[in-house]
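Trainee: Using the sequences and the hints given, assemble the complete structure.
Residue numbers (UniProt numbering), protein chains in the order written: chain L, 1 to 222; chain R, 1 to 222.
Derived by calculation from the structure, the hints in this document are not laboratory data. Treat the numbers as computed from the prediction; the structure is a model and nothing was measured. By construction, the Cβ of each residue, glycine as well, lies at the ideal position given by its N, Cα and C atoms. Possibly wrong hints are sitting among the right ones.
[As the list claims (entries may be wrong)] Just the calculated beta-carbon pair ranges, DEER-fashion:
1. R/GLU9 / L/TYR120: 37 to 43 angstroms
2. R/ASP144 / L/VAL113: 44 to 50 angstroms
3. R/ASP144 / L/VAL126: 26 to 32 angstroms
4. R/ASP13 / L/LEU39: 41 to 47 angstroms
5. L/ASP144 / R/ASP13: 24 to 30 angstroms
6. L/GLY153 / R/ASP13: 32 to 38 angstroms
7. R/ASP13 / L/HIS128: 29 to 35 angstroms
8. R/ALA159 / L/VAL31: 28 to 34 angstroms
9. R/ALA188 / L/GLU194: 35 to 41 angstroms
10. R/PHE42 / L/TYR120: 33 to 39 angstroms
11. R/ALA159 / L/HIS128: 42 to 48 angstroms
Number of protein chains: 2
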Amino acid sequence: MIPTITAFEQSPDHGQGLARDMSVRWALEEVGQPYDVRLVSFSAMKEATHRALNPFGQIPTYEEGDLALFESGAIVFHIAERHAGLLPNDANARTRAITWMFAVLSTVEPVIVQREISMYLEHDKVWHEERLLIAEERIRSRLDDLSTRLGAGEWLDGAFSAGDLLMVQVLRRLSGSGILDDYPNLIAYVVRGEARPTFKRAFDAQLAVFTGKPSSQLERDA
Amino acid sequence: MIPTITAFEQSPDHGQGLARDMSVRWALEEVGQPYDVRLVSFSAMKEATHRALNPFGQIPTYEEGDLALFESGAIVFHIAERHAGLLPNDANARTRAITWMFAVLSTVEPVIVQREISMYLEHDKVWHEERLLIAEERIRSRLDDLSTRLGAGEWLDGAFSAGDLLMVQVLRRLSGSGILDDYPNLIAYVVRGEARPTFKRAFDAQLAVFTGKPSSQLERDA
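Mentor: Right, here's the structure in full:
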């Protein structure tokens, strides 16, 4: 059975692959699971039909038979649990990979999202500059710790896992900010993630929504 | 094997049970798993010994034989996966309960934590009042959706689960704010969570750290 996910009809990031469907697409590519996509407009996201799938009126959602899920982290975990490739077989290593999934979503992503809120929702405030600096300081504090832990490692805990997938995706939100420049090992880590063929396929598929070209066409153009 | 968790030596909430060890204590009580606690000072949390357990220098951590975890969400999930009582047996219901865990941590908690950051870290700013109002507005937006979804239900998806445990804990952070007053069903939901004997035992245990009385003594005093 092919699952159906939802994505923005018009992504606010113009196809940079920062919307939350990107993590789900990437996870599905990692495990080799084909999927269908249903595009949702901003107004449809807030209507009852979509809220039956996601009470908070957001994308992505995931439907597979009689199972309906929301939250990109939960969907990635579901995919990782049902298919080989995103979580190690060893019980302790598997638990540590899941720990990194939670660490991304609870400890790293919130400080990064705050910077975006500052930039896009509070840019007209007189205190915007001051708040932005505070937000960036909090990001650097987390990245200091993350960079130290990653060290010279290729991935966060041995083999690539769902934890790395989510972490790379959230660090990508900082591209263009200059903040990652102080952390060469984190830049290399993101580059390693983006270099995976699975990432490329997922990226092209979400970009095709924006450009209107099918992703296979995009690949031929490249 | 009895696991060891870490908690604040001096909790900033003075024993209100809002520190992240409370979720882990409550989960351990729900599944009937005894545990040891090692208290950590603010300075020790930032040292290499503790950072080997949690790279971000936070509590709680969880040690069990050769397994070391961090992130309260991940630890609660680990407990829920290894013991009966926090996740349904039915596969789809289990996946939905896990979805709620992620929803708490990714969608509800971040907006609530922003209010605390505003109150405790930005109270000396001239823009403090304006920021606080914005933070509260974002919280209400999430609570509108959450309250609608919960409706007249007892728990988020049928039986009490690890998703409810985390959600009740995060909503408790709003006590005293007056924000929950507009959502009688969410107040009743939090009260239902706090009425569980497992909650009471976990709460007393964390309070005992602050009062210096063993929790059994507290129970006798009550």
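Trainee: Take the C-beta atom of R/ASP13 and the C-beta atom of L/LEU39, compute their distance, and say whether it sits inside 41 to 47 angstroms.
Mentor: holds (44 angstroms)
Trainee: Please check whether R/GLU9 and L/TYR120 have a Cβ separation lying inside 37 to 43 angstroms.
Mentor: holds (40 angstroms)
Trainee: With respect to the beta-carbon atoms only, verify the hint that R/ASP144 and L/VAL113 lie 44 to 50 angstroms apart.
Mentor: Violated: the Cβ-Cβ distance is about 20 angstroms, outside 44 to 50 angstroms.
Trainee: When you take the CB atoms of R/ASP13 and L/HIS128, is the distance between them in 29 to 35 angstroms?
Mentor: Between R/ASP13 and L/HIS128, where Cβ atoms are some 31 angstroms apart, the hint holds.
Trainee: Does the Cβ pair L/GLY153, R/ASP13 satisfy 32 to 38 angstroms?
Mentor: Holds - the Cβ-Cβ distance for L/GLY153 and R/ASP13, about 35 angstroms, lies within 32 to 38 angstroms.
Trainee: Could you say whether the range 33 to 39 angstroms given as a hint is met by the Cβ separation of R/PHE42 and L/TYR120?
Mentor: holds (34 angstroms)
Trainee: Between R/ASP144 and L/VAL126, does the C-beta distance stay in 26 to 32 angstroms?
Mentor: holds (29 angstroms)
Trainee: Taking the Cβ atom of R/ALA159 and the Cβ atom of L/HIS128, is their distance within the range 42 to 48 angstroms?
Mentor: Since the Cβ atoms of R/ALA159 and L/HIS128 sit about 46 angstroms apart, the hinted range of 42 to 48 angstroms holds.
Trainee: Is the distance from the Cβ of R/ALA188 to the Cβ of L/GLU194 consistent with 35 to 41 angstroms?
Mentor: Roughly 47 angstroms apart at Cβ, these two residues miss the hinted range, so it is violated.
Trainee: If I claimed the Cβ atoms of L/ASP144 and R/ASP13 lie 24 to 30 angstroms apart, would that claim hold in this structure?
Mentor: 26 angstroms Cβ-Cβ, so the 24 to 30 angstroms window holds.
Trainee: Note whether the CB distance of R/ALA159 and L/VAL31 lies within 28 to 34 angstroms or breaks it.
Mentor: Because 30 angstroms falls inside the window, the suggested range holds.
Figure legend: structure checked against the earlier numbered hints; hints not met, in rising order: 2 and 9.
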